[in-house]
Structures are given as C-alpha cells and as structure tokens.
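J.: Quick note on my numbering: the sequence shown kicks off at 225 and runs consecutively.
Because the hints were derived from the structure by calculation, they are not lab data.
Worth double-checking, as some hints may not be accurate.
To be verified - In silico DSSO-like links for lysine-lysine, alpha-carbon gap of 27 Å or less:
1. K444 with K430
2. K407 with K312
3. K894 with K817
4. K506 with K476
5. K475 with K506
6. K441 with K407
7. K439 with K475
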Amino acid sequence: MKGKTQLIAELRSVIGRLEAVLSSIDEAILWTDHEGRAKWCNDSFARLIDLKRIFIMTKEVSSIFPLSQRGQELPAEAHPLSVALRNKSSQQGNYTFGPSGKPFMVKVQYLETVDGPPTTIIIARDSSREKELAEYRIQGAALSAAADAIVILDNLGRVHWINKSFTSMTGYTFNEVYGKTLKVLKSGRQSPAFYKKLWSTILSGKPWTGELINKRKNGKIYYEKQSITPVPDAEGRISNFIAIKSDITDKKLAQKSLEDREAKLSALFNGVIDAIVTADSKGDILSVNPAAEKIFGYGSGTLVGQNVRILVPPEFRPNHDSFIRRYLKTGVPKVIGIGREIEAVRSDGTRFPIDLSINEIRTPDAVMFTAIVRDISERKEQERQLQMLNEQLEQLVDERTAALTRRTEELTKEVAERKRAEMETRQNQELLRSLLDGISAAFLIIDVEKRIIAETNTIAEEMFGINRGKMLGRNCDRTFSKQGQYLHEICPKGYEADSPKETMIIGRDGHPVSVTRHVLPITIKERPHLAVILFDISDRKNLERKLEMARKLESIGRLASGIAHEINTPIQYVGNSVHFQKDGFADFMKVHKLDTRILAECRSAGLFPQLLKQRDELAEEEELDFLIEEIPNSCDRAQNGIQRVAGIVHAMKNFAHPGQEEKQPADINKLIANTVTVSRNEWKYHADLDMQLETLPLVNCFQGSINQVLLNMIVNAAHAIKYKYDETGGKGKIAISTYWSYDDVFINISDDGTGIPDSIKDKIFEPFFTTKQVGEGSGQGLAIAHDIVVSKHGGAIELESFPGEGTTFTIRLPIK
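Just need the whole structure built from these sequences, with the hints factored in.
T.: Written out as structure tokens, the structure is:
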C-alpha cells in the first residue's frame, strides 16, 4: 500500500513538472478529446485566445480557436482539428488567427489510445518572425551579390561588413579590413582638404558622392566613383555609413586617351599651312583653321556660321548650291573626292587661284563636307612667268629658223593631244570608279584571255573580305579559290546565256550568300572582258523564308485552335457529369449518416438481427467503407484532370490565336503561361520548369510573334538539357522569370544544359546557323526570334552562357 501511494505521488510530481514545462514554452499547446473539445492547454494557448484556462476546458476548439487561410475564415468542418479527427491522421499547415491576421504554423497530432477513444494535440507556432528573418537573408544575399563594392562602416568609419565585389575591386578580404578604416586604400593623390570636406558632409547627415584615386592591395592605382550615405538610429543619431564603390579605371583611361588624341588632332588642324573648312549639308560653315582665315582674309571666328558661297565667285554660286543638292539627292559626286583648280574670293573681293579637294563625312545624324584649300597664286604666277619666257623663246626661235618653229609647233600639238588623251583616260577611269562604287552591287571586270581582274569596287571588297589591291591584276581563279563549287559564278569562262540568275557565293565570313548575278561582255582597249555584277539578295530571301514560316505557323495555329474548340465541348460534358456525381454523393452521404444512426439504434435495441447481419455481410462484400472513402477522392481526381485538360485547351486557343495586323496591349505573364502549357510535351520528360513571374504592366506587342519567340526559347532550352542528361537519364531545370524597370519589361529564360561555346556566340542569331544534327534544326529559330524582338518591337536579346553549365537569354521589350 505504501509503495502504491509513493508511486502515485511521484507520478503526480512528474505530471506537475511536465505541465509547468509545457506552460512555460512559447508554442501554444492544446489537448482535445475525440469530439474536438478542449481537455487541457498551456498558458501560451490561453494568452493566444485571451481566455482563462478554466473557461477553455470542454469548449469546442473550432469555436474558441477559429482559423483563417488566405484571408477566408475556415468553416468548422475544414478546421485542421476536424479534418484530423475525420481522416484519423495528423494535419499541418499555415493559418492566420484573430482580427490582426497573425500568421501561425498549426500542427494537429492525431493519437490512438490503447484503452480509450482517440485524442489530439494541437501545437500553434508564430511564423511571422520566420518570414521577417527570411526577408533579411534575401536582402543580405542581394547586397553580397551586387556588382558594385558595398561597405558598411560604424560612426567612426571602421569597417563592419563588405561584399564580394569589394574584395574583387581592392584585393582585401573581410578579415584584413574588419575594424579598420578605409585609409588602407589611400593613394596620397587626394589632399587632406578633400577628405575634410567629405567627412564634414557625411557627419552633417548628408550623402556624399565623388571620385577618388585609390590603391589596391597589390599597390596598383585605380579610379573609383563612391557614394557614402549616413544611416541614423531610432534617436536620429548617425550609427553607420554605407559606402558604394564603382571601379571607373577603364573609363578614366579611355577618357585620357581621347583627350590626348583630340589634342594631337587640334595641333595638326591648327598647324597645317593649307586651309581646312568644314560645312554642313546646307553649306553653312561649322569650323575653320587659322590658315583658312589667313588665306581668305577674315578675322578670327568671323567665318563660322557663314555660308561657303561667300568664298566662291558670284557667277558660280548658283551652280555651287545645285551641286550640293544633286549630290545629297543622287549620291553622284561632281567635285567630292576629286582635286580641282578653281578660283576663290577673299574678304576684300579679290580673286585668287586655289587647289580644292572636298571629302564627305557621314555620321548617324548628319552629312558634312570638309574642304582642303591650297593657295596656288605663287605657283600660277611662276607658271605665267614661265609661259612668258617660253613665248619669248619661241619668238626668238621663230626669228632664227622657220623650220625649227614649224617642228616646235608640231611637237606642241602632239604634246597637247597626248595631254588631252591622258586627261580623258584619267577622267574616264575616275568616272568608271565612281560609277562602280556608286551602285549597291559587287562589280568585277575580268580579262577573258588572261583571266586577271582588271577592275572592281568597294562593294566587292566588303562582300568577299578581300582588299582591292589584292584583287587588281591578280588571277581570278586563284584569288577566289575558296569559293569551291561557286568559283564559276564569280570567274566565268565566257558569256553565259542564262544571265541574270539567282545563285550562291561564299561571303567574307565563310557563309553562303544569296545573290543575283549578271554577266555582260565588254571590250576594253580592243580586248574582250566580262563584267560580273553581283546583287546581295540575302535580306529578300530571309524575308521570303520568314513569310513562308509565318504562313505555316498561322495554319498550324488555326488547326490547333479548331482542335481545342472540339475538345472543349465533350470535356465540359464530362466535367458537368463528374460535378453532378460529386454533389449527388454528398447528398447520399447525408442519408447514409442517418441510416448509420438508425442501424446503431437497431443494434442497441436488438431489432432485426437477421437483416442487420445480412446488411453487414453485404457491406463487407461490396467494400462499402472503401467506396464511401474513395468515391469523393475519385471525383476530385477526375475534376483535377478535367481542369488540366481545360487549361491545356485554353492555352492552345490563346497560343494559336492569329497574329494581329497592329500591336495590341498584352499580358506577358499570360503569354508565358500559355506557351509553357503548349510546349509541355517538349520539356516534361527532360526538365523541371520553374516560373517566377512578377506583376507586369501590359506590353504593346504582336502577341502571336512573342508566342513564337517564347516557344523557340523554351524548346531550345529543353533540347540543350536533353543533350546533356540523355546518357545519365537525369533531369535538368528550366527557369523563367519576369520583371520590369522604367519603360521596359524583361524576360529571363535559363537552363542548365550544354551551354554555348564562346567561338559561336556571335553566330547563333545568324540565319541557317545551327549546332543540331542534320534534320533536327533549320537554323531559323533564333534568327527569327532576334528579328521579332529587335526589328518588330525595338527590343533586345542578350545572351550569357558557360559551356557545360547552361545558358540564359534575357529578352527586353519596350512597354509602349
């Protein structure tokens, strides 16, 4: 008897200590019976629901501890405690409680007892702090990964934290600078007054931004742009400083190089003895050098802003204006690039001879002309005096011998004729070269007998990547030997009847180029020649291929839309039927619960034992309990399947919608979701797909074209992953994320596939370029995507890839 009493006392002591421990912890703990009524709780639970423990006992938990999920209060049957008791299994989830919506992690532990009914233990833990800590971790990771160097200092300027970019920029690790000031970076290039002004600014609570010349750990000098922001504490006193540093060394060195170059050009411009005059397309003077002001007799700065007509004799000014207008309209030069001797006018009206050379300068924004003028008055005077001496000599010779005079006259005529012939030849050559360079086609003139190249133009240089000097006078077959099967297109043996024709050649980058070829027979210096003219028609061919592909995609889209429409109707029938079955079974269960009570009453009263036995045997044979439990689950599975089919149908209809003739506002996230659904069969066997889509503004775009871009990108990512994991049988990952900034929306599509080698990164957007095996790719997908994003929408596609690790494409689309 004494042992039993002692055992009970010890047991009560243990239970008391256990209750004290459970009451002291932060988690709210509640013990319930099999009907969901409270049997015991700790002090944390009583504080949570703001009731004394004595008033909690025997109360229904769903009434005293109501929970909400996603802003909606749960009904009693959906309470996790009700679900645990009904399903005889433990439950766990995130819920909110009370008017403030405080988040809790609620766990309901279902317990079976040996000699009594089941019971449960409810544990509720405040999860708001966990979310806050997660946010801090994310912010810390973002600062650590920032491209700029970031340093956190205390109010005395000592280092408390740095990110990885600080180490990359300076060479110092965190252990080397912790607790120290940034004096370790000083180069001695800034004065003490500079640092005094800096500290005066930030200690007054104002941010400071400026440039410094600092020294890395290895002793090398570098330039940086730094901004320092004071951080006040809760009482307004400065507790920390945040310094953000950007390395601008390359920018500074480039700027210094540009300044040196400008100084040299300025010295050359101001030091030459010839006049240099620059004018715009209207003829207004933009700049002159000191020699020009001296030659034309104008004061410093008086010529700028005047029209160049003031330097031309009055009777030639109308022709001067017409030459400029005709050149800007036709591109055919009259004096551009040709040296000429003409007359000019000084500020005092006197005329003088000049040697004039004019060159064109084209920029993306304007057309300008630069004239180099040399005063040849002295040379002309010398020529005049020489002419006078010649005339005197000729007169003397005429007086002495008439025969010699006649011979001299004959020689003079012969020399004059030769000069005219040479001048005509030179002018014809210059005209021919101007014509060849003026047309937008490659031009080759080939000597048929000697097989050498007699003339060419700059378009041919650009098309084949061969300098003009390496073509003229060279054997055509050897010069273009790399053309292979296309050699006869460039170096024909003779005139061909099928000219003109469309054919192919090998361009400067080694890729085939579509051209239209014309071969014309001509005669130069009584020798037969062939003129081969090649017009680049690659753009036209690419456009034709894109139009054909667009027509095929539109036809496929209409077919997919029709199939989706036909699938949608029977799926609705099936969905409605399953919904009817589920609702009907719920009504049946109401009757079944009443039948169960009637059967229980009959058993307790001993009524109809034979019928009850038959009923129980039949229920066991037909697995009634299994049917009651599984029929609702089967309905749910059927409804989930139907919803998934409906989602695919909806995505097919949206994806297959014909492209608009005009841009329309579109939800980019919706286009991505539809494309992911449509392309699911391409990636689901090889990769897991994760989408992180931010809320975006509507983007003005061609929806069908953007669908095509997204589909190409996702399919390419799936193929890259397939090639990498095909042998191992593993699965890769495709990640799609969106965000927007200012006037642009950005789409990132990443994969961990094979990646793209550096040697071909600059070729992947070229038409017909592909790394896939023959028959697996046309080489048009990325070329078309680039054309759609860049040409049609004014956006951009950027690429980041590492071989063996994966690829990320970033698509930028202007919102408007």
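J.: Next, verify each hint and record whether it holds.
T.: Verification of the hints:
no.	hint	in the structure
1	K444 with K430	31 Å, violated
2	K407 with K312	68 Å, violated
3	K894 with K817	45 Å, violated
4	K506 with K476	37 Å, violated
5	K475 with K506	36 Å, violated
6	K441 with K407	12 Å, holds
7	K439 with K475	17 Å, holds
The earlier numbered hints that this structure contradicts are 1, 2, 3, 4 and 5.
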